[in-house]
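Each chain, letter by letter, is given below.
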Amino acid sequence: MKAKVFVSLKPGVLDPQGKAIQHSVALLGFTGIADVRQGKYFEIALEDSADQEIARESVARMAREVLSNPIIEDYRVEIDG
Amino acid sequence: MKFGIIVFPGSNCDHDAYHVISKQVGQPVDFIWHRETDLKSFDALIIPGGFSYGDYLRAGALARFSPVMDSVKRFAANGRFVLGICNGFQILCEAGLLPGALIRNRDLHFICEHLNVRIETSDTPFTNEMTSGSVLQMPIAHAEGNYVCDDATLAELQREDRIVFRYCDANGAVTKSANPNGSRDNIAGICNRSRNVLGLMPHPERACEDLLGSSDGRDIFRSLAATLAAVA
Numbered sequence: 001m002k003a004k005v006f007v008s009l010k011p012g013v014l015d016p017q018g019k020a021i022q023h024s025v026a027l028l029g030f031t032g033i034a035d036v037r038q039g040k041y042f043e044i045a046l047e048d049s050a051d052q053e054i055a056r057e058s059v060a061r062m063a064r065e066v067l068s069n070p071i072i073e074d075y076r077v078e079i080d081g
Numbered sequence: 082m083k084f085g086i087i088v089f090p091g092s093n094c095d096h097d098a099y100h101v102i103s104k105q106v107g108q109p110v111d112f113i114w115h116r117e118t119d120l121k122s123f124d125a126l127i128i129p130g131g132f133s134y135g136d137y138l139r140a141g142a143l144a145r146f147s148p149v150m151d152s153v154k155r156f157a158a159n160g161r162f163v164l165g166i167c168n169g170f171q172i173l174c175e176a177g178l179l180p181g182a183l184i185r186n187r188d189l190h191f192i193c194e195h196l197n198v199r200i201e202t203s204d205t206p207f208t209n210e211m212t213s214g215s216v217l218q219m220p221i222a223h224a225e226g227n228y229v230c231d232d233a234t235l236a237e238l239q240r241e242d243r244i245v246f247r248y249c250d251a252n253g254a255v256t257k258s259a260n261p262n263g264s265r266d267n268i269a270g271i272c273n274r275s276r277n278v279l280g281l282m283p284h285p286e287r288a289c290e291d292l293l294g295s296s297d298g299r300d301i302f303r304s305l306a307a308t309l310a311a312v313a
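Protein chains in written order, with this note's numbering: chain A, 1 to 81; chain B, 82 to 313.
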């Protein structure tokens, strides 16, 4: 079983890295890009015996307390069975 | 009075801080490895600059989980003094000892330069030997020094006189162009509500010898030493 955690900056928090990437892709000729926001992605391998709901809760806690900083970031957890 | 300097894997301003306390302030000082938990013999702690844990995940994020940090939280809760410099400020924010967060500089660059910082309040144990409104020249050296917080936190910091340092020009004017990294309200350093925990991005310990271009940072350590002498 695998947990995926997506961490992204909250709306309104400045993302200078995203802005720089947006600028670069525009230079490459990609058009129609309104905004780029950079985030983080974690893959967490769980023992297959783990209960899916318990795993979801513990990964969410991990995301809240370690993987993200709730002052500036949001997170989303997905569990692949 | 005894100072302790906490050393994480990746701290790199620990020896500068040690030099200042032992040679410039002339007080006893020891290094504290991050796995230690007994802080009984210390009266003030410095969390130095550097790249604790390689700044992995977020600057200061992993240092928060070092064994010493629970003791640092108790130390602070008991009203004793904690000074976080640069990465130390980031760690204090990640640990929840100071509000807000430090994100990537507005212009993405790692900025390493001497600049001016205005003392906004002398009502802290770290600035009480100085005059509000005076200007210190100190270096900054960071990629993540852009202070962010929500509106309510900013209002609280302002109302409670907890913004201790602001980036300013040479004349002490707090202007947009004097803001090196995009920090909200030009904030360079703040304290907690009890005023015994201070975090700042500039490096006072690198501005304590005329030979290094400035000795303005010395007064911060001297203020703290004077505070400790008064309470002893």
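Among the hints, a few may not be true.
As the list claims (entries may be wrong) - Interface residues of chain B toward chain A, partial, derived using beta-carbon atoms under 10 Å:
1) Gly135
2) Glu175
3) Leu178
4) Ser203
5) Cys230
To be verified - Derived BS3-like pairs (lysine-lysine); straight-line CA-CA distance at most 27 Å:
6) Lys10(A) - Lys257(B)
7) Lys121(B) - Lys83(B)
8) Lys40(A) - Lys4(A)
9) Lys19(A) - Lys257(B)
10) Lys2(A) - Lys40(A)
11) Lys83(B) - Lys154(B)
If you're looking for bench data, these hints aren't it; they were derived computationally from the structure. Note that the Cβ used here is the ideal one computed from N, Cα and C, for glycine as well.
So, going through the hints one by one against the coordinates:
Interface hint status for Gly135(B): violated, as the beta-carbon distance to the closest one in chain A is roughly 15 Å, over 10 Å. A least Cβ separation of about 7 Å between Glu175(B) and chain A falls short of the 10 Å threshold, and the interface hint therefore holds. Residue-level restraint check for Leu178(B) is violated (minimum Cβ-Cβ distance to chain A is 13 Å; threshold 10 Å). Restraint check, Ser203(B) versus chain A: the minimum CB separation of about 28 Å is more than 10 Å; hint violated.
Using the Cβ-Cβ criterion of 10 Å, the hint placing Cys230(B) at the interface with chain A is satisfied: the shortest such distance is roughly 7 Å. Distance hint between Lys10(A) and Lys257(B) is fulfilled; the C-alpha atoms sit about 24 Å from each other, no more than 27 Å. The straight-line distance between the Cα atoms of Lys121(B) and Lys83(B) is roughly 10 Å, inside the 27 Å bound, and the hint therefore holds. Among the hinted pairs, Lys40(A) with Lys4(A) is consistent with the structure: their alpha-carbon atoms are about 11 Å apart, no more than 27 Å.
With a C-alpha separation of about 20 Å, the suggested pair Lys19(A) and Lys257(B) falls inside the 27 Å cut-off, and the hint holds. A distance of roughly 16 Å separates the Cα atoms of Lys2(A) and Lys40(A); the hinted pair therefore holds under the 27 Å criterion. For the hint linking Lys83(B) to Lys154(B), the alpha-carbon distance of about 18 Å falls within 27 Å, and the restraint holds.
In terms of the numbered hints stated before, the structure departs from hints 1, 3, 4, listed from lowest to highest.
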